[in-house]
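Protein chains in written order, with numbering that gives the first Met the number 0: chain A, 0 to 263; chain B, 0 to 263.
Fair warning: there could be bad hints in the mix.
[Claimed, not checked] Restricting the straight-line Cα-Cα distance to at most 20 Å, the calculated cross-link-like pairs of lysine to any residue (SDA-like) are: (1) B:K206 with A:F231; (2) B:K240 with B:G199; (3) A:K240 with B:S216.
[As the list claims (entries may be wrong)] Sample of chain A residues at the chain B side, in silico, Cβ under 10 Å: (4) L15; (5) A21; (6) R63; (7) V64; (8) C65; (9) D140; (10) R142; (11) G180; (12) A183; (13) L185; (14) Y188; (15) G233; (16) L238.
To be clear, the hints were calculated from the coordinates, so they are not data collected in a lab. The beta carbon of each residue, even a glycine, is placed where N, CA and C say it ideally should be.
Protein chains: 2
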Amino acid sequence: MSAAPPPCIILNEPQLAENIGAVARVMANFGLHDLRLVRPRDGWPQARAWASASGADWPLDNARVCQSLEKATADLTWVIATTARPRETQLPVHTPRQAAADLSARVAAGQAVGLLFGGERAGLETADIALCQAIVTIPIDERFRSLNLAQAVAINAYEWRMTVFDQPRAAFDHNLAPPAGQAAMLGLYEHLERELDEAGFFHPPEKRPSMIVNLRSALGRGGLTEQEVRTFRGVVTALSKGRGRVLAKRAAALAAEQAANQKD
Amino acid sequence: MSAAPPPCIILNEPQLAENIGAVARVMANFGLHDLRLVRPRDGWPQARAWASASGADWPLDNARVCQSLEKATADLTWVIATTARPRETQLPVHTPRQAAADLSARVAAGQAVGLLFGGERAGLETADIALCQAIVTIPIDERFRSLNLAQAVAINAYEWRMTVFDQPRAAFDHNLAPPAGQAAMLGLYEHLERELDEAGFFHPPEKRPSMIVNLRSALGRGGLTEQEVRTFRGVVTALSKGRGRVLAKRAAALAAEQAANQKD
């Protein structure tokens, strides 16, 4: 299998065009080129982004603007979310070095991968992180945690570059099928959640968002293959519809019998 | 001997106050505090530096302004110069990782050490580099070598921090619950498989064993926690019983209605 392109950089709701330009610059410094912008606050394109890229125009010229994080990651098989703090998810937490080693092995195996960064002010929501397969946290000093967005990209991009450059690469197991794309995972999540809604699983209703985060991160971090996603969708259908049909038939038979008895 | 303070950051003839502020910010991010400015182009202090430090004021408040690189480095025992290109010197050339390991060992041994960065436009002169003991070169992509000053500081400061913080897993993993025991996993598997048997999921029957292997390995490799196992058992119950109950009730109501109609 041939290597996939280097990781894409996904900026979720970035605010300042200057920062987007600075991100493009460090991407070019470290050999990355695929930039995706989810709902940039001030619209796109923004001349100030090109001004602050210092000539690293190509990531900006080819940037993809997406209306949702789901769309921005649909073609990827593995997305690592950058957050400043450990979150209440069960996703594995990597250093930038560990994340780069993981991404490097996946790219060598032909997988399309990405690094996700939140906006300047708020970072990523837990629901955004639940769409990802792992977390990367930069080892910031607790006493001053305000890391510039382009700096966060730079450090992860530098670690990526070091894996390309240094080659102490983890052996990749060629027997493993690659993970399913994010679009397929999202299809599974939504199918499962729809059926659980029908079954009245999410109660009390205000806990629904956090229950969904827990379900998604538990399913997501295993790296399900396309085949496994199909299998699990079959499981959801069988449990919700198959069993329902059996019980409904039984109940209908029982009711009909009762009706017949009443007629007798 | 007790450890020396972390490396100082020496900026030789920096041009833009914004960049000096951005350097202070990444220093604070990674636990550095000793900033030395050699002949800053626009004088010192500069309000714009504080504005771009985003609150990381202390490296700026305590910055030492020096009229020569010799004076700025007089109290140090080991200075590593950052340059974009290998130079015609006989100094060893390190990656940021190697440089950080070297500086870390020296600091542990009580040595006062520093990292030297050139100005934005021209970088360091060979004569400046000759005052140093080693060179650090960031592995930039040859196609776009223009690295922002604060980014160069950030990557070296990050590598320093990684040497201090080399038990990152211990610090990061405290939020991860351990995986559930095998007995709990087996309980989940058997619960799921029992319901899938009821729903007629395993067909043709001779494929049942391999389908079970696939389901179990997909669920097992994510390392579900005890809590997640309970959640998934709730999911199985909700899908199989909850939905079934809803449908069964509906069917029973329908049958009862039909029976009532027939009686009318």
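Task: Agreement of hint A:D140 with chain B interface, Cβ distance less than 10 Å - done: The hint holds - A:D140 has a Cβ within 10 Å of chain B, the shortest such distance being about 4 Å.
- [ ] For the hint on A:Y188, just tell me whether its beta-carbon gets within less than 10 Å of chain B.
- [x] 12 Å, violated
Task: Per-residue hint verdict: A:G233, partner chain B, C-beta under 10 Å - done: 7 Å, holds
Task: Hinted contact A:R63 with chain B - closest CB pair below 10 Å - done: 20 Å, violated
Task: Cut-off 10 Å, beta-carbon criterion: hint that A:V64 touches chain B - done: Hint violated; A:V64 Cβ to chain B Cβ min 23 Å, cut 10 Å.
Task: Distance restraint between B:K206 and A:F231, which requires alpha-carbon spacing of 20 Å or less - done: Roughly 16 Å between the alpha carbons, so the hint for B:K206 and A:F231 holds.
Open item on the list: Take the shortest C-beta to C-beta distance between A:C65 and chain B; is it under 10 Å?
Closed with: For A:C65, the interface hint is violated, since the closest Cβ of chain B sits about 25 Å away, which is over 10 Å.
Open item on the list: For A:K240 and B:S216, compute the direct alpha-carbon distance and say whether it is at most 20 Å.
Closed with: Given pair A:K240, B:S216 is violated - Cα atoms ~24 Å apart, limit 20 Å.
- [ ] Could you check if A:G180 really has its C-beta closer than 10 Å to a C-beta on chain B?
- [x] Since chain B brings no Cβ nearer than about 16 Å to A:G180, farther than 10 Å, the hint is violated.
Task: Holds or violated: B:K240 to B:G199, with C-alpha atoms at most 20 Å apart - done: Distance ~15 Å between B:K240 and B:G199 Cα, so the pair holds.
Task: Restraint check, 10 Å cut-off on beta carbons, for A:L238 near chain B - done: Holds. Min distance 4 Å.
Open item on the list: Can you verify the interface hint for A:A21: is its Cβ closer than 10 Å to any Cβ in chain B?
Closed with: Holds, because the Cβ-Cβ distance from A:A21 to chain B comes to roughly 7 Å (cut-off 10 Å).
Hint check: violations occur at hints 3, 4, 6, 7, 8, 11, 12, 13, 14; the rest are consistent with the structure.
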